[in-house]
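Asks: Based on the provided sequences and hints, a complete structural model is requested.
For the protein sequence lines, the chains are A and B, in the order given.
For the first sequence, my numbering assigns the number 1 to the initial residue and increments by one for each residue that follows.
For the second sequence, my numbering assigns the number 1001 to the initial residue and increments by one for each residue that follows.
By construction, these hints were calculated from the structure, which means they are not laboratory data.
The beta carbon of each residue, even a glycine, is placed where N, CA and C say it ideally should be.
One or more of the hints may lead you astray.
[Claimed, not checked] Label pairs and their calculated CB-CB ranges:
1) K17(A) x P1061(B): 50 to 56 Å
2) I1088(B) x K17(A): 29 to 35 Å
3) E1131(B) x S154(A): 38 to 44 Å
4) D1002(B) x S154(A): 29 to 35 Å
5) R57(A) x I1088(B): 20 to 26 Å
6) E24(A) x L1165(B): 35 to 41 Å
7) E5(A) x Y1168(B): 28 to 34 Å
[Stated by the list, open to error] Below, in silico cross-link-like pairs of lysine-lysine (BS3-like), each with a Cα-Cα straight-line distance of 25 Å or less:
8) K170(A) x K1008(B)
9) K28(A) x K8(A)
10) K1125(B) x K17(A)
11) K56(A) x K1058(B)
12) K1008(B) x K128(A)
13) K8(A) x K1046(B)
14) K1008(B) x K8(A)
15) K58(A) x K46(A)
16) K1046(B) x K28(A)
17) K1058(B) x K1008(B)
18) K46(A) x K1125(B)
Each chain is listed here by its residues.
2 protein chains.
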Amino acid sequence: MDLFEAIKVRRSVRKFKRDAVSEESLKKILNAARMAPTAENFQPWKIIVVTDEDVKRKLVPACNNQRFVAEAPIVLVACGLPDEAYPIMGGYMNSYPVDVAIVLDHVMLAAAAEGLGTCWIGSFKEEKVAEATGVPPEAKVVALTPLGYPAEDSERTDRKNLTELVSYNKY
Amino acid sequence: MDLFEAIKVRRSVRKFKRDAVSEESLKKILNAARMAPTAENFQPWKIIVVTDEDVKRKLVPACNNQRFVAEAPIVLVACGLPDEAYPIMGGYMNSYPVDVAIVLDHVMLAAAAEGLGTCWIGSFKEEKVAEATGVPPEAKVVALTPLGYPAEDSERTDRKNLTELVSYNKY
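Replies: Take a look at the structure:
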């Protein structure tokens, strides 16, 4: 699928078919993640591919009771590793949230290109997600997404105008 | 361009032609940014499109003397607005670095699809970038990128194997 088309069709999907995700699509998506750039190419990230029903069930309360998360055949848990990341991005921050976000954006667009739905989940309790999936203290959970075939057409949400988002030469 | 092709051809470009970026391409790229998802759709971001030679010159020391930054016809400065972002991603972090990274990843892929080169710049002094471009205290500079037509074929950097990056059901 054309890149701009993938950007356009990607939506937050909150209803999924029960159909399993094809192995080929999952492989393409994970390879898209793998190709993502990270600061200094440190690749300080891990993705957990959750298909086990018990683990998925535990992710619902961990995601503040967003039940649709576990209705997709797969949930991806995206983690960053601060100790392996670039520690002084902009002179002030560890790069891991940015690194993981780039990786997961690649995932979301690749999924859209494969006809799959995703939804950035930022509303979760890190310690509960860690408990459900065995994430160790040295890793930080940055975001999750369900992954499956959409069971409904999601509406596109509005966006600000470019004039509000972009300026020239000065902020 | 096909999404997976754009992911594949995107490289960190550090040599640029002097040719101006076409208005049409810039518009497509900024619109790709605009379509990017952000936590709660708050869109807490701004991009400064720097074309002014004086401002670009000031960005070189601000980017720890990476001279190639100013050799591209355009430099994009990507900022986040913590006060307008989702404050408790995962229960522990402000979403602005993730939001801005998603936006800028859309930019990088859109640029690749338009035959343009970019390079994630994380090595910079935020206060100097802010001074050069008038970024106010309430905004945080997350990353920059030069934007222009590549003057060389960049080599793809290696990536870890998927077995190191991905696990199933448990971390």
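Asks: Look at each hint and say if it fits the structure.
Replies: Hint-by-hint comparison with the structure:
1. K17(A) x P1061(B): 50 to 56 Å: Between K17(A) and P1061(B), where Cβ atoms are some 54 Å apart, the hint holds.
2. I1088(B) x K17(A): 29 to 35 Å: 31 Å, holds
3. E1131(B) x S154(A): 38 to 44 Å: 42 Å, holds
4. D1002(B) x S154(A): 29 to 35 Å: At roughly 23 Å between Cβ atoms, S154(A) and D1002(B) fall outside 29 to 35 Å, so the hint is violated.
5. R57(A) x I1088(B): 20 to 26 Å: 24 Å, holds
6. E24(A) x L1165(B): 35 to 41 Å: At roughly 19 Å between Cβ atoms, L1165(B) and E24(A) fall outside 35 to 41 Å, so the hint is violated.
7. E5(A) x Y1168(B): 28 to 34 Å: Since E5(A) and Y1168(B) have Cβ atoms about 31 Å apart, the given range 28 to 34 Å holds.
8. K170(A) x K1008(B): 33 Å, violated
9. K28(A) x K8(A): With a Cα-Cα distance of about 20 Å, the restraint between K28(A) and K8(A) holds, given a limit of 25 Å.
10. K1125(B) x K17(A): It is violated: about 47 Å lies between the C-alpha atoms, which goes past 25 Å.
11. K56(A) x K1058(B): Violated - the C-alpha atoms of K1058(B) and K56(A) are around 50 Å apart, more than 25 Å.
12. K1008(B) x K128(A): Distance ~35 Å between K1008(B) and K128(A) Cα, so the pair is violated.
13. K8(A) x K1046(B): Holds - the C-alpha atoms of K1046(B) and K8(A) are around 20 Å apart, at most 25 Å.
14. K1008(B) x K8(A): 20 Å, holds
15. K58(A) x K46(A): 20 Å, holds
16. K1046(B) x K28(A): The given pair, whose Cα atoms are some 32 Å apart, is violated under the 25 Å limit.
17. K1058(B) x K1008(B): 32 Å, violated
18. K46(A) x K1125(B): Not OK: K46(A) and K1125(B) at ~28 Å, beyond 25 Å, violated.
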